[in-house]
Amino acid sequence: MSVPCNRCDRPLPKWELGAQHAATCPECGAASIVRVFPALFYAPRGPVATEAAAAGEAACFDHPGKRAVAACSRCGRFVCQLCSVEFKGAVWCPSCFTAGEYQAKTVEFENSRTLYDSTALIVAVAPLLAWPFTAISAPIALFVALRYWNRPLSLVRRWRWRSVLAAAIALCEIGGWIWGIAYLVLKARR
Amino acid sequence: MADTGQVYRKLPGRRRGVIFSASLWTGADHLLSVKSARFQEQYKRFYFRDIQAIVITRVPRLVVSTPVLAVAVALLIALSIMHLRLPALNDWVWLLTAALTAGWIYVAAAQSCTCRLYTAVSREDLPSIYRMWTARKALAELERRIAQVQGIFTEDWAETVDMRALGPAELASRHATDGRTAAVARTWVSDIFLASLFADAVIAMLPMRSPMSWLANVSVALTVVQIASAIGIFVQKYRGILRIGMQRLAIAALLFIGGITYAQMIGDAMNAALAGRRRPVAVPARLRTGIVRPIYSGGAALLAIAGFVLSFKPE
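Note that the protein sequences, when read in sequence, are chains F and V.
Going from the first sequence to this note's numbering is simple: count from 1 and add 5.
Going from the second sequence to this note's numbering is simple: count from 1 and add 3.
With the rest of the complex left out, here is chain F (with noise of 0.2 Å):
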């Protein structure tokens, strides 16, 4: 199969993927830059090989019938090659790997994020389009804001100044209302 086109999903030619600057595709006529990059070539792994294990060999803990390749760095038990899970350098088994979450669930892992930053500054802001809802998102924002200060940010994101800015807008809302309470109990008082 040669590289589809990006709107019509057709093959492009092999004449056209040739050329230096952009292929055009044959049926649609959109003018692609295609880059192929070596990893296309490589061999394909086949699945994972084990070998039976002979008598006296040591044997995988979970598969007694295969050969051991190596014992898991974390409790020792013997592991074939199709157990054998490597990270960091280390060689672990599949039960310690998926155990130990709270060493392995790092950021090679990781593929979401809640934004608590994010969520506290809409909390705060968008009620202020109607602006009796502030007296409950107020509170809301401002416990979302200090609540999750310490979580982790974005992967990508460096500053906390969402959560700065949440706090000091639901402060200033706050203050709003109980400025806006105590004018209208005193002027009700005189």
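Hints are not guaranteed to be accurate.
To be verified - Straight-line distance between alpha carbons at most 25 Å, and here's what the computed DMTMM-like set of lysine to aspartate or glutamate pairs gives:
# : chain 1 : residue 1 : chain 2 : residue 2
1 : V       : K38       : F       : E115
2 : F       : K19       : V       : E127
3 : F       : K19       : V       : D128
4 : V       : K240      : F       : D14
In case anyone wonders, no lab produced these hints; they're calculated from the structure.
Using the hints, position chain V against chain F.
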């Protein structure tokens, strides 16, 4: 990054939507694709050693980003102020609006692209790269990083590329069968949506002298039809019946209708305030009057035309 130790450098290009945004970052040994939905970020890593190909195709794209929206709102406010306070400058602002609109249409039609990345197990669209100039910059940087890991070709790869499986296996089998996606460009729901949009554009240009004019009621009914059919378009896109272009157009149309409605309300309130009325102003039972009317009519007509183009665009 203090918690990870991983240092990321941003690649050129960023998609800033009202709700969704996307960006690309390079780490020590991988490319990180970040898709954000305001409250949450989702990450995908593509290791440089695994990237098989990158394809950038020049296609027209109607992307309404937050900077474009901000400029549109600023122009709308400027037009309202000029219309009320400085009529002498009104023509200049219209000229600026026309020039910016023409520039945006040119960029959307001639300088936009889609970018797709292939590994042995995935085929990923990179939404942050949608303009040609950012695509070229990002590609140059990526090529450099990938070459450091994978090396470079010493012979012509184009001759043998069709003997290799690019991307995931199911993609190859799909290409072997028909090479087409199941989603279609138009359905009866999208036809209703476009027809109502076009009819609304025409009706907005007709004179509506009386607030109780039946044309105003028809316009309101058409707006309801537009909202209902837009929801239908979202459902059909979610079910894989309709292609994404029509969904984007529906989002753009809803934002436009909402923006115009608010602009009309704010304009009425400003008119009342400038006229010196201090009592609460009743929102009149009429739609799209004054300067908002030609803007609405032109915008709705443009959206309808874009929709017709999308409907009959080849798959």
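Index of numbered hints that the structure contradicts, given in increasing order:
none
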